[in-house]
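Asker: I would like the entire structure built from these sequences, with the hints used as guidance.
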Amino acid sequence: MRLIRLEIENFKSIGKRQSIELRPITLLFGPNSVGKSTVLQAVQYFCEVLNGNFGKNSASINGYQSLGGFTSLVHRQDIGKAIKIKVIFSLNEHYRSDFFGINESSERCETIPINYVNGNKLSEGKIFELAVELEVCWRTTTVGPFTSNKPWVAYLKVELNGKLFYEISSVHSHSIYSTSKIKFNFGHWLLKKLEKSTIAEFQQDDLTSDTESNLDDNIVKFDISSGQSKKWRENVKFRYKSYFKEQEELSPLALEIQELSGLLDEKEEIEISNIGVNSQIFANGSAPNLSENVELPLEIPEIISSRESHDENRKERHRNLRELLNELILSPVRAAYGYLSETVHIGSIREIPGKNYKSLGQPKVSNWKNGLAAWDMICSKNDLGLTDLVNNWLDEDVGKFDTGYRIEKFDAKQIPDDSELAKFLTGEIDILNLEKLRALYMSLPTQTGFRLRDTKHNILVDAVDVGTGVSQMIPVVVAVLSDNFPGLVAIEQPELHVHPKIQVVMGDMFIRGIIGENGDAGPYTSHKTLLIETHSEHIMLRLLRRVREHSESMAPSGFALKPDDLSVVYVEYGVAGARFQRICVTSEGDFKNRWPQGFFRERAEELF
Numbered sequence: 028m029r030l031i032r033l034e035i036e037n038f039k040s041i042g043k044r045q046s047i048e049l050r051p052i053t054l055l056f057g058p059n060s061v062g063k064s065t066v067l068q069a070v071q072y073f074c075e076v077l078n079g080n081f082g083k084n085s086a087s088i089n090g091y092q093s094l095g096g097f098t099s100l101v102h103r104q105d106i107g108k109a110i111k112i113k114v115i116f117s118l119n120e121h122y123r124s125d126f127f128g129i130n131e132s133s134e135r136c137e138t139i140p141i142n143y144v145n146g147n148k149l150s151e152g153k154i155f156e157l158a159v160e161l162e163v164c165w166r167t168t169t170v171g172p173f174t175s176n177k178p179w180v181a182y183l184k185v186e187l188n189g190k191l192f193y194e195i196s197s198v199h200s201h202s203i204y205s206t207s208k209i210k211f212n213f214g215h216w217l218l219k220k221l222e223k224s225t226i227a228e229f230q231q232d233d234l235t236s237d238t239e240s241n242l243d244d245n246i247v248k249f250d251i252s253s254g255q256s257k258k259w260r261e262n263v264k265f266r267y268k269s270y271f272k273e274q275e276e277l278s279p280l281a282l283e284i285q286e287l288s289g290l291l292d293e294k295e296e297i298e299i300s301n302i303g304v305n306s307q308i309f310a311n312g313s314a315p316n317l318s319e320n321v322e323l324p325l326e327i328p329e330i331i332s333s334r335e336s337h338d339e340n341r342k343e344r345h346r347n348l349r350e351l352l353n354e355l356i357l358s359p360v361r362a363a364y365g366y367l368s369e370t371v372h373i374g375s376i377r378e379i380p381g382k383n384y385k386s387l388g389q390p391k392v393s394n395w396k397n398g399l400a401a402w403d404m405i406c407s408k409n410d411l412g413l414t415d416l417v418n419n420w421l422d423e424d425v426g427k428f429d430t431g432y433r434i435e436k437f438d439a440k441q442i443p444d445d446s447e448l449a450k451f452l453t454g455e456i457d458i459l460n461l462e463k464l465r466a467l468y469m470s471l472p473t474q475t476g477f478r479l480r481d482t483k484h485n486i487l488v489d490a491v492d493v494g495t496g497v498s499q500m501i502p503v504v505v506a507v508l509s510d511n512f513p514g515l516v517a518i519e520q521p522e523l524h525v526h527p528k529i530q531v532v533m534g535d536m537f538i539r540g541i542i543g544e545n546g547d548a549g550p551y552t553s554h555k556t557l558l559i560e561t562h563s564e565h566i567m568l569r570l571l572r573r574v575r576e577h578s579e580s581m582a583p584s585g586f587a588l589k590p591d592d593l594s595v596v597y598v599e600y601g602v603a604g605a606r607f608q609r610i611c612v613t614s615e616g617d618f619k620n621r622w623p624q625g626f627f628r629e630r631a632e633e634l635f
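Just add 27 to the spot in the sequence shown (first one is 1) and you have the numbering used here.
Hints are computed from structural coordinates only; laboratory data are not their basis. Every clue listed holds true.
What follows is a list of derived Cβ distance ranges for each label pair:
hint, residue 1, residue 2, range
1, N80, R465, 46 to 52 Å
2, S446, N419, 36 to 42 Å
3, S393, S470, 29 to 35 Å
In silico DSSO-like pairs for lysine-lysine, Cα to Cα no more than 30 Å straight-line:
hint, residue 1, residue 2
4, K450, K440
5, K385, K436
6, K528, K382
7, K43, K108
8, K391, K427
9, K113, K43
10, K382, K450
11, K436, K463
12, K619, K589
13, K436, K382
14, K153, K113
15, K589, K153
16, K111, K184
17, K385, K483
18, K528, K483
19, K619, K113
20, K427, K528
21, K113, K391
22, K483, K408
23, K463, K440
24, K385, K450
25, K619, K43
Where is the CB? At the ideal position from N, CA and C, for every residue including glycine.
Answerer: As structure tokens, this is what we get:
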């Protein structure tokens, strides 16, 4: 799974909707304070919305900082606008097996013969793209003489392969009661009857269809308000046009919902099911609680007691349908949240650990921004060879950084002053039993620490004793090379305080970070996406060189870079806010379109 595109509207410096194409290596260039950091903040805000943490006054961004609330984040602080964020992922084989886990975990759902639950073709990679979009707006609620305001999720959409899968929308209301609707697109390949679905049909139908066209033709809508229940109708009529008429069939899932749901809209010509559920399931509008199942009661309790629902077979079908609907609603959103919530963000100012720095043992997510989490990871007991890999890049003189420093780890035990062992060492007590002495020593906690070895002089020094450049670059090296971060790694100005020679080599390290240590042995072993905010011409020139060498079959082993593995995005500020323009790269390592205002025109002005 890899994040490949972001679409952002009305968030901080971004006004008009911007599409940011991401590749395994994405470089963000542009003047200061134009909105480069807004990209990462939008990703983190997206996570906080799904996590339910986007209150009126503050939004804690993954533990890093508080950016204020909706009124601070919406473009130009205009609460009449709505923040819209869309994240698009490419899916790999490993992710698909997890996403469609219901195939392996529940044979009961085989009674609903749709591609989602029964299709072996899923393993062939025909679901290769996931998109989740949400809109957050400002909501005013009036109850008697009291009025309250808070941000509200107006809608949440899920697309698979560019085609709408389902949408949850929340109807605006000025009262404390609100109505949310779940709309499933039964024209989607995953929800179609298994026997009539072919791979060719899926590719032609799904990839060329307009997501928004004829939305109501293939959709069943669920009203999930907490309020009034509709009159029970024994004979239900579904209206379907275009797709269903051509296929002369309805999705087996739609048929199951039709038969088992007890609440249907009185307008027979419109295919709407109204299901009364606890409004707290979507307490923030259209955002489901990802930590709980969405339990949709498909029949009213009074109706269940008066109908054949007590039949065991019908009860089993009810459980199967609820399980499937819960999976369909939550699985895509949980996947997006799971990926983005593990984002590593390294800020532009990294803290240098002092002489008495005590490692936490396991890095905290919030400590990546100041860089200290990298040192904690080095001290971790399960670094899995990471320290050796980092040292290889730090100290090798051929094609690597050649800093002249290596990291050396050591284990230490601290003896408390009031312990038996301390009293023995100070002569206060005698311990004649060697076994007891050994046991006391072994019971002391072990603290892993580190120092840097100056390999040119063969001496040990602390991080604060070396040049700022070395200590500033180590967190970047650790995050890029570590296998613990298969998702998004965002780095602000990795080139700070380091020599141009090291900046150039950083380009190679970024390539190795996305390829993995197997180099050119096969497909990428890393699914990492590097989002790098930089001003470094040297990093870009090295990456362009590797693209050119790849096309000429001259790239060093393990450092080949294809044009589509690199996205160079220039950010500038215009009348409608920040504008993001991708500068495409050719196979010759040149820019396909003109660089806005010239390529590093400041250098040209000084030279000529």
